[in-house]
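Given only the sequences and the hints, what does the whole structure look like? Please build it.
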Amino acid sequence: MSKKQPPLRAGMEGYFLLAPALIVYLLFAVYPMIDVIRMSFSSWNGLSPEARFVGLGNYRAILTQDPVFWGALWNTIWWTALAVVIPNLVSFGLALALNQNLPGRSSLRVVFYLPVIIASIAVATIWKWMYDPFFGLFNGLLMGWGLDGLIVDWLGDRKFALWSVFVAHVWQAVGFSMVLFLAGLQSVSITLIEAARIDGAGRWGVFRYVTLPALGPTITIVFVLSLINSLKAFDIVYGMTGGGPAQSTQMLAMWAYTQSMQLGVFGRGAAVSVVLLLITLVIVIPYMRWMFRREEMGK
Amino acid sequence: MKIFAQAFRPIGSNKVDPVLVALWISLILIAIIWIAPFVFIVFTSLKSTAEVMSSSAFSLPEEFAFTNFTSAWQRGNFSTTAFNGIVITVVKVPLGLFISAMAAYALAKVPMRMNKALFALFVFGTMLPFQVMLAPIFRQVNAFGLINTYPGIILPYLAFGIPYQVFILYGFFAAVPKELSEAARIDGASHFTVFRRIFLPVSLPVLSALLILDFVATWNEFAMALVILQDPDMWTLPLGLMNFQGQFSRNYGELNAAIIMTVLPAAIVYLMFQRYFVSGLTTGAVKE
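Chains as they are written, first to last, in our numbering: chain Z, 1 to 299; chain F, 1001 to 1288.
None of these hints come from the bench; they were simulated from the model. Honestly, I wouldn't trust all of these hints.
Restraint-style ranges between C-beta atoms, simulated for each label pair [what the hints assert, rightly or not]:
no., chain 1, residue 1, chain 2, residue 2, range
1, F, Pro-1232, Z, Val-85, 36 to 42 Å
2, Z, Gly-205, F, Ala-1036, 35 to 41 Å
3, F, Leu-1121, Z, Leu-56, 25 to 31 Å
4, F, Ser-1249, Z, Glu-296, 51 to 57 Å
5, F, Arg-1197, Z, Arg-208, 34 to 40 Å
6, F, Ala-1184, Z, Pro-217, 34 to 40 Å
7, F, Arg-1113, Z, Arg-289, 19 to 25 Å
8, Z, Val-85, F, Ser-1249, 31 to 37 Å
9, F, Leu-1271, Z, Trp-163, 27 to 33 Å
10, Z, Pro-217, F, Asn-1148, 40 to 46 Å
11, Z, Gly-205, F, Ser-1190, 56 to 62 Å
To list a few chain Z residues with every Cβ distance to chain F over 10 Å, as calculated [said to hold, decoys possible]:
no., residue
12, Ser-48
13, Phe-53
14, Ile-86
15, Val-152
16, Phe-160
Virtual Cβ for every residue (Gly too), placed ideally from N, Cα, C.
As structure tokens, this is what we get:
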């Protein structure tokens, strides 16, 4: 008897091990993605047995007739641009500070990370309560300091609502990137830092020529992850404003949901989803190629 | 104090650096801002509605109104939502990890025709945002007749959790040296046996990290549950809290008690298993 396993049998066993995960993944993640593309070319109200093919009708409708779509797209872009920059700058600063020899570092890390593990819908509820126009924290503090003139209906005023939701997002998001940056910082070689010091580099020199270049990959990862996370912003908006007032905080992910699941125009909702998926893919595909190249180079 | 004895000194220096002291003070101030919402929530949860309206935000409650918790528990139907959350989490998390680990083993260690392509298919899924396709997920679950059922929510949770776990475990399994498994294979052990006896035990630290991350993510998930669990008897805690906020938003003490009861389990798990969170996040994203 040969000691070598017959390759066919070994391969078969591999497929058996793979099957459960692959089937569930294909049925409930990949198929819905295909379905949403198909649905975006049809008209369906959620009740009738058959969807009707309408070609590009839904796309034409959302781009030309939908009074909310462009506002939601703009808000999504605004949100994404800010969410990629502001919380990550805070995270980066915190990580740099927490990487120094300071007392109580681990407790401080816990404090900044705690909001990350709290359900987004609870974060929304917490902040909605803090923004309460009458008894909330913010207006209470302003009143206490004699700044009654600055009192605002934070979530009820179109001018402030999106900013107010964004601040809550910053509070929740900072800890996540902070942990990634800290991990990146810990991999920066101490010998390299010491060598730079001996060569006369100051604090800024070490940061600019040693730390920052070493953090390159981490920065890319944080950038892409927060980009994707912002595009799918849903829970916190749903929980705080539901897209209001007057659609001023509406975003694409929620608008797709609202059209399909609440207004019963599945085709239009699907078209919005496809637009958002396309935006996501434009970011994801180059990122994945970069990751695979890195993986190959590591070998 | 003892903890300050070595602090504020940069690497390779014995002198206290004033810049580090200033940095530390600003960190403490930011931390106070970060913790303030929690303090505010806890204080409010212990006040009566009348006291919330009359007292200032950070004043201590005059009498601790613990009744807020008991009545929020009842009105918010927490016994139902907590039970559903436990059932879904206890089934989904270990099951998902097990089938992901099997798949990762097959992709990493069993020579098959399409290892690379299949792995890429899973990696693609790590970036697929389900929040964007809630309606088609609803349609698919509905096609199986599983709306308002445990399997109806568990299956899509599995589908969107598998890619990340496969991705992480693949990297880990691929790095396990061949010698460890080949001896067993030559002795005639099946791949499943090698997986169960050798690979599962050696990957215990990674598995624990993924388990805890996934526990918190599943416990907190809202958007998918919103479309699939429409019957209040099937709601999970986040759905219950959302509804509570809509119905009793002027009952401040109870609302804040409800918030605390919703977030407490995840917070406790985090505080107990902190180091796993860090390793679970960073093994995936940041490789040395």
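Open item on the list: Given the hint of 25 to 31 Å, is the C-beta distance from F:Leu-1121 to Z:Leu-56 inside that range or not?
Closed with: holds (29 Å)
Open item on the list: Over 10 Å from every CB of chain F: does Z:Phe-53 meet that, or does the non-interface label fail?
Closed with: holds (17 Å)
Open item on the list: I want to verify a distance hint. Is the separation of the beta carbons of F:Ala-1184 and Z:Pro-217 within 34 to 40 Å?
Closed with: holds (36 Å)
Task: Beta-carbon spacing of F:Ser-1249 to Z:Glu-296 - inside the hinted bounds 51 to 57 Å or not - done: holds (54 Å)
Open item on the list: Quick check on a hinted range of 19 to 25 Å for F:Arg-1113 and Z:Arg-289, using CB atoms only.
Closed with: The hint (19 to 25 Å, Cβ to Cβ) holds, given that F:Arg-1113 and Z:Arg-289 are roughly 23 Å apart.
Task: Closest CB of chain F to the CB of Z:Ser-48 still more than 10 Å away - done: holds (13 Å)
- [ ] With respect to the beta-carbon atoms only, verify the hint that F:Arg-1197 and Z:Arg-208 lie 34 to 40 Å apart.
- [x] violated (51 Å)
- [ ] Beyond 10 Å from every chain F Cβ: check whether that's true for Z:Phe-160.
- [x] holds (18 Å)
TODO: May I ask you to test the hint 31 to 37 Å on the CB atoms belonging to Z:Val-85 and F:Ser-1249?
DONE: holds (33 Å)
Task: Outcome for the supplied range 35 to 41 Å, where the beta carbon pair is Z:Gly-205 and F:Ala-1036 - done: holds (37 Å)
Open item on the list: Is 27 to 33 Å respected by the C-beta to C-beta distance linking F:Leu-1271 and Z:Trp-163?
Closed with: holds (32 Å)
Open item on the list: I want to verify a distance hint. Is the separation of the beta carbons of F:Pro-1232 and Z:Val-85 within 36 to 42 Å?
Closed with: holds (41 Å)
Consistency with the previously given hints fails for number 5 only.
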